[in-house]
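J.: Could you put the whole structure together from the sequences, leaning on the hints where they help?
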Amino acid sequence: MERNPEGENLEYGALEEVFEVPIGPIHPALKEPIRFTFQVRGERIVDVQIRTGFAHRGIEFMGMRQGRNLIQILYLSERICGICSVSHPIAFTQAVERAAGIEVPPRAQYIRVIISELERIHSHLLWAGVAAHELGFDTLLHLTWRVREKVLDILEELTGNRINYAIPIFGGVRRDITPEQYPRVWEAIRYYRGLLEELLDAFLRDPTVEARTRGVGILEPKEAEELCAVGPTARASGLRKDVRQDRPYLAYSDFEVKAITPADYGLTPVGDVYDKIVVRLLEVGQSLDIIEKALENMPEGEITSFPKIPALLAHLKKAEGEGLGWHEAPRGEVIHYVRLVSGEESPLIWKVKAPTYSNLLSWYPMFEDQEVADIPIIAACIDPCICCMDRVYIVRNGKEETWTKEELLRLSWEKTRRMRR
Amino acid sequence: MILKTLISQLLSRPATNRFPAKYMPKSVTGFLAKVKEGKAGIHPPIPAPPKFRGKIAYDREKCIGCQLCIRVCPAKVIEFKPEEKKIRMYVARCTFCAQCVDVCPVNALAITPEFLLASTDRLSPELIVE
Amino acid sequence: MSGWAIFGQAVVVLVGGGLVGLFYRGVDRKIAARMQARIGPPLRQPFLDLGKLLVKETVIPKTAVAWLFSAMPFLAVLASFTALLYLPLGPFGPVLEGHGDAILVLYLLAIPALAMALGGFASGSPLGVVGAQRELVMLMSYEFPLAVVLVAVAWRLSELGLAPAFSLGTMAQNPLWGAVGPLGIIGLALLLVSLLVVTPAELAKIPFDIPEAETEIAGGLMVEYSGTYLALFYLADAVRTVVMAGLVVALFIPYGLAGRLGLSGAVGDVVDLAFWLFKVLLVMVVAVTTVRVGMARLKVDQIARGFWLRITAVALSGLLLLVLDKVVMG
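Residue numbers (this note's numbering), protein chains in the order written: chain A, 1 to 421; chain B, 1001 to 1130; chain C, 2001 to 2330.
Simulated from the structure, these hints should not be mistaken for lab results. All C-beta atoms, glycine included, are put in the ideal place defined by N, C-alpha and C. Check each hint, because a few of them may be wrong.
Coverage of chain C stretches by chain B, computed from C-beta distances (three or more under 8 Å per stretch; other residues unrestricted) [said to hold, decoys possible]:
id, region
1, 2029 to 2042
2, 2290 to 2296
Pair by pair, the computed Cβ-Cβ distance ranges are [stated by the list, open to error]:
id, chain 1, residue 1, chain 2, residue 2, range
3, C, ALA2147, A, THR268, 37 to 45 Å
4, C, ASP2269, A, GLY194, 51 to 59 Å
5, C, TRP2308, B, VAL1028, 46 to 54 Å
6, B, ILE1007, A, HIS56, 43 to 51 Å
7, C, GLY2262, B, ILE1007, 28 to 36 Å
8, B, PRO1045, C, LEU2054, 32 to 40 Å
9, C, LEU2078, B, GLU1126, 55 to 63 Å
10, B, ILE1007, C, VAL2055, 37 to 45 Å
11, C, LEU2078, B, ILE1007, 32 to 40 Å
T.: Here you go:
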């Protein structure tokens, strides 16, 4: 979509003025800092430039180079994102477990699955509320956020915190689900089962919501595939793409997760915002199914293979190797790569790829030829998590720099050569 | 229909929990000062679950000064006092992961359900545990 | 009536109108909050808001056309309050009865919208310009059905031989529901529906709040306004709500309570005034509050199309039915 400004003038010339509408980094439509610069003619979007990097915090650097040990980094990874605050630790623990050869007991795997599915419910409800707010429908925002309290209460009951649960640890989980907690989880599941129909009704059969979301922000299946969209963004375009289905990890192979597309709701996937609402709401139901199955078939046994933390620390210090951890976060696939060196407490490399990073490019086709009024909902429809995504920002002598793909490639070659030596 | 929801919500009580006071006090800090003096009561919060991760409690007598908690603390909350072989915790930095509670070999640390920790001074006596 | 008496009445109506407008804004916010299961602000919140805005600094952006930018809030307030003087107030006729007709009220209602649009253009902010463009599109869309409703009612009144037909006072004193046949009643109902739909549009409330559209253009034409100027727009908006709801009441539900209860004199007037205030509140809750919490914001083309095709069609068929009714009934 990028065109040079001179061509722009030639094309539209004096016909109608093209003016610039800056959205962000601080704007009511955005929940996190990012900047869109729209070229707008009347109400139509002609062009958009996206600039990221406002929320970069250097978390990987803090983990790799500031003398933290892996347990400390675990809690750092939890703080990459506030909403998917168990997704990052799950991916990170898996990466470290693969690198250090640590087994996870089945019960711990089930508990991780339960917590991450509960998180998916709360994240999708949160998103639904934000989407409603972007449409100016605050009643739905208040409704979804009120019912979201229930799942937060359950998470608080199971983990001790509403957000940043601090549950996974290398080799297992830190807290068991006790027998007296089961009824409360079951009660929450029943609550959401009863509520799901109401939510589907409120979102999908409301004439104004439909008017605002049908045919808006379309991501064609082909574009979704080419741009490597992940998570609900890809699934709404009809791609059956879900890490839990494609590369099952933890106990997910027990639950036979199938990626959900609007086709499961009897719709032909178009890839518009409406389809994204459909997918996310259906996934709430899917998560309920998974939690139910997990609770029913919960294996007995240990919840961690390293009950003693000093032993775990010693094992991790000796470990040498590399590992990749992945997880289907509520927004899509999150990947952590870790390389451990024997005798070092910090990892040599820790790399994070958050789902929004993959979905970023799908904004371009979605914004194409849309109206200014659609900007907030299209910006929100991939459920962007900017602080997850901002993994790199280049500033030199107080000036920001932009590096092209070729330069980055050259740099990574150089680094590989350096590390081989 | 959304109208049904609207009317039923109009007729039922608001979902909001009126915390910390039933009606907005003229000055919140003044109100909280009064609470401290026992002249006013806080409208009860939604109760915390039994294993809520709140402020960490420290049993000074049990502590053997092994410094394991300092090793695992992700936020560098804990300071070692070498002369006494005891620790001091700055709660203002705490992330409430309770990893130090898990690691303590003598159970000198424990979680409490206390969460009303907001303060204008990060070094106020309530935010330092020793 | 002497000039001084009119002046005295006008002062009472203007002050009262401002107070009622702000208070009703508080009621609107409270009811909206309760519908969303929230507690909501106290009823006096609009007064506090206004007071706070008045003591705040008023910033005029460097890029703005300063005189236009500063004149518009005053124009909006002036027009909104003047419209109050042409509004029948329950038992009392309009203060300026005979000094202007319903068409003038239409203009007075359009002026604040125009003032806001001009202020948006003058603010020099791209968001303000987008908002102002939207405001103008909206204005063009809803003015026509609004005019159709007024003309239809006035025409039917003139057919009854009542003059001046184009006065809101005459309209309020002669409710048409009893004067027309069944076809006419359907026609009037259609006119009422279109007027109720125009009401939130006129007041730029969700689903028609696109000129401000907080999440899209961050306040749109209001984005650069602050302090006193914003307070003036706020006040104008509150008063306009009363005027719009009062217009619906005057045209379609002008009935009093005192006659039915056998009250007369001062007591009857007080009861009727209270009843009128209640009717205004009711119209506001139905047409503004419930609608704004129960819908999403529409887009400018959807609004323009909706008004031009649907609402204008509804209003015109109401007019047609009134005419047919007259022809059939003779």
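J.: Decide, hint by hint, whether the structure agrees.
T.: For each hint, the structure was consulted:
1. For the region 2029 to 2042 of chain C, the stated coverage by chain B is satisfied: 9 residues place a CB nearer than 8 Å to a CB of that chain, which reaches the threshold of 3.
2. For the region 2290 to 2296 of chain C, the proposed coverage by chain B is satisfied: 3 residues have a C-beta within less than 8 Å of a C-beta in that chain, meeting the threshold of three.
3. About 44 Å separates the C-beta atoms of ALA2147 of chain C and THR268 of chain A, a value consistent with the hinted range of 37 to 45 Å.
4. Distance hint for ASP2269 of chain C and GLY194 of chain A: a CB-CB separation of about 53 Å, consistent with the stated range 51 to 59 Å.
5. A C-beta distance of roughly 51 Å is found between TRP2308 of chain C and VAL1028 of chain B, which places it inside the suggested range of 46 to 54 Å.
6. The given range of 43 to 51 Å is respected by ILE1007 of chain B and HIS56 of chain A, whose C-beta atoms sit roughly 47 Å from each other.
7. For the pair GLY2262 of chain C and ILE1007 of chain B, the supplied restraint of 28 to 36 Å holds, since their beta-carbon distance comes to about 35 Å.
8. Checked against the given bound of 32 to 40 Å, the beta carbons of PRO1045 of chain B and LEU2054 of chain C, roughly 37 Å apart, stay inside it.
9. Between LEU2078 of chain C and GLU1126 of chain B the beta carbons are some 56 Å apart, a value that agrees with the proposed interval 55 to 63 Å.
10. Range check, ILE1007 of chain B to VAL2055 of chain C: Cβ separation about 39 Å, and the 37 to 45 Å hint holds.
11. For the pair LEU2078 of chain C and ILE1007 of chain B, the supplied restraint of 32 to 40 Å holds, since their beta-carbon distance comes to about 39 Å.
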